[in-house]
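S.K.: Protein chains in written order, with my numbering: chain W, 1 to 235; chain V, 1001 to 1218.
None of these hints come from the bench; they were simulated from the model. Note that the structure is a prediction, hence the values are computed from the model and not measured. Please note: incorrect hints may appear among the correct ones.
Said to hold, decoys possible - Cut-off 20 Å, straight-line C-alpha distance, at most; resulting in silico cross-link-like pairs (PhoX-like, lysine-lysine):
| id | chain 1 | residue 1 | chain 2 | residue 2 |
| --- | --- | --- | --- | --- |
| 1 | V | K1014 | W | K83 |
| 2 | W | K184 | W | K83 |
| 3 | W | K64 | V | K1124 |
| 4 | W | K121 | V | K1138 |
| 5 | W | K184 | W | K64 |
| 6 | W | K46 | W | K64 |
| 7 | W | K73 | V | K1148 |
| 8 | V | K1204 | W | K121 |
| 9 | V | K1121 | V | K1138 |
| 10 | W | K184 | W | K3 |
| 11 | W | K83 | V | K1121 |
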Amino acid sequence: MKKIYPDAAAALDGLLFDGMTICAGGFGLCGIPERLIDAIRDSGVKDLTVVSNNAGIDNEGLGKLLRTRQIRKMISSYVGENKEFERQYLAGELEVEFCPQGTLAERCRAGGAGIPGFYTKTGVGTIVAEGKEHKDFDGETYILERGIRADLSIVKGWRADEAGNLQFRKTTRNFNLPMATSGKLCVAEVEEIVPVGTLDPDCIHLPSIYAKRLILGAPYDKKIEFRTTRQREAA
Amino acid sequence: MPWDRNQMAARAAKELRDGYYVNLGIGIPTLVANNIPAGMEVTLQSENGMLGIGPFPYDDEVDPDLINAGKQTISELPSSSYFDSAASFAMIRGGHIDLTVLGAMEVSEGGDIANWMIPGKMVKGMGGAMDLVAGVKKIIVVMEHVSKNGDPKFIPQCTLPLTGKNVVDMIVTDLCVFQRPDHDSPFRLVELAPEVTEEEVAAKTTARYEGLATPVRV
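The task is simple: from the sequences and hints, build the whole structure.
M.R.: Shown next, in the form of structure tokens:
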């Protein structure tokens, strides 16, 4: 089965429909599937529920889909640094489910692993716990959180082989890994595609069973939200 | 004279111990990293998937693929490791992190913390804060003693939506330090900043706390 597609639009062909749920990898602008986000914007698909830790910033990442009003609901943990998001949310135009970051990662991991729910201490005693089942284990109270299954996962990898084994670079692994497992089908964009046999099987982060469609997204112009540096001391 | 931001961070850093794995929040807590005692081995965790955070990079070493949870560019150390978000929060929720230092908008006398939203105004989200206060062994809050309007922030009951209930172990403000030995005990005033009096702390605090017979002045 050939997994490599010529571009993002081709890789998403037949997968998009109005009202669908999409899991998107990345943390801030680090490791976001930007080619696939652009192709989703260009497709015009709407009423999306998007599961993503963040919502991009204005005009970058998922911020592009907010601007075009293609997103109906976000499930996220942190959405700062995005004025358009804040405006749509406060105006009641955008539905938001705030989910603690660890709970969000675990909901995707669990959903992808066929686990429909799990108990956690995170959020007990807060509005996150409202309406959820509470249960005591060994004298401590936990709440039930649901696994997430999406119609589609979109992720960004560093290197892939032709079989669809993926490696991530540095802190880009973040949500890409759990998100890749939680969709019925995962489309991945990467910076480099190498022949099978090139990657050490001991160093595969995401085994080939997950990414069913693959595109080469390079060259990338990676964005930095907060460039922070130090000075070299004078010799 | 009240402590400045760096002095507050330095005071929180006194709680570090050799071998600790630590997660630092955004803002003043980040400054704790500059105050790790020499010779002490402390490993910093970044919840976006890294153990062993290095210093900010030199200008020619900046890498967009290497950021901390505050989305700032950072560097790696020879001992660093990378992992995904689910693995990262398994460390946090599994009780493997020894200490976290967080900012707060309000802390209650019962150890509740509110630091993630102001209804109708600020809607940034809780990020990893709810997981940290639920899973980390020791929770230190570093915050200004009063708000910009001069209102006390250590209060009987939080008025803002909670991040966690009965989770805070220690509070470092610009005026003083409150601490409690366990989550069933009240907070006790244990230190005052230079030239700050118990009366000033009392006047700017509505939470109940125990005064120390002879608060340590540092």
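S.K.: Mind checking the alpha carbons of K73 of chain W and K1148 of chain V for me, to see if they're no more than 20 Å apart?
M.R.: violated, 34 Å
S.K.: Regarding the pair K184 of chain W and K83 of chain W, is the alpha-carbon distance no greater than 20 Å?
M.R.: Judged against 20 Å, a Cα distance of about 32 Å means the pair is violated.
S.K.: Does K1138 of chain V lie within 20 Å of K1121 of chain V when you go C-alpha to C-alpha?
M.R.: Judged against 20 Å, a Cα distance of about 30 Å means the pair is violated.
S.K.: Is the straight-line distance between the alpha-carbon of K184 of chain W and that of K3 of chain W 20 Å or less?
M.R.: holds, 16 Å
S.K.: So if I understand the rule, the pair passes when the alpha-carbon distance is 20 Å or less; does K1014 of chain V with K83 of chain W pass?
M.R.: Roughly 38 Å between the alpha carbons, so the hint for K1014 of chain V and K83 of chain W is violated.
S.K.: Within 20 Å, alpha carbon to alpha carbon, are K1204 of chain V and K121 of chain W?
M.R.: With Cα atoms ~33 Å apart, K1204 of chain V and K121 of chain W exceed 20 Å; violated.
S.K.: Between K64 of chain W and K1124 of chain V, does the CA-CA distance stay at or below 20 Å?
M.R.: Satisfied, since the Cα-Cα distance of roughly 18 Å is no more than 20 Å.
S.K.: Within a Cα-Cα threshold of 20 Å, do K83 of chain W and K1121 of chain V meet the stated pairing?
M.R.: holds, 12 Å
S.K.: Given the hint that K46 of chain W pairs with K64 of chain W, test it: the Cα-Cα distance must not exceed 20 Å.
M.R.: Holds: K46 of chain W and K64 of chain W sit about 13 Å apart, inside 20 Å.
S.K.: Hint check: K121 of chain W vs K1138 of chain V, CA-CA at most 20 Å. Holds or violated?
M.R.: holds, 15 Å
S.K.: So if I understand the rule, the pair passes when the alpha-carbon distance is 20 Å or less; does K184 of chain W with K64 of chain W pass?
M.R.: The given pair, whose Cα atoms are some 24 Å apart, is violated under the 20 Å limit.
Hint violations for this structure: numbers 1, 2, 5, 7, 8, 9, all remaining hints satisfied.
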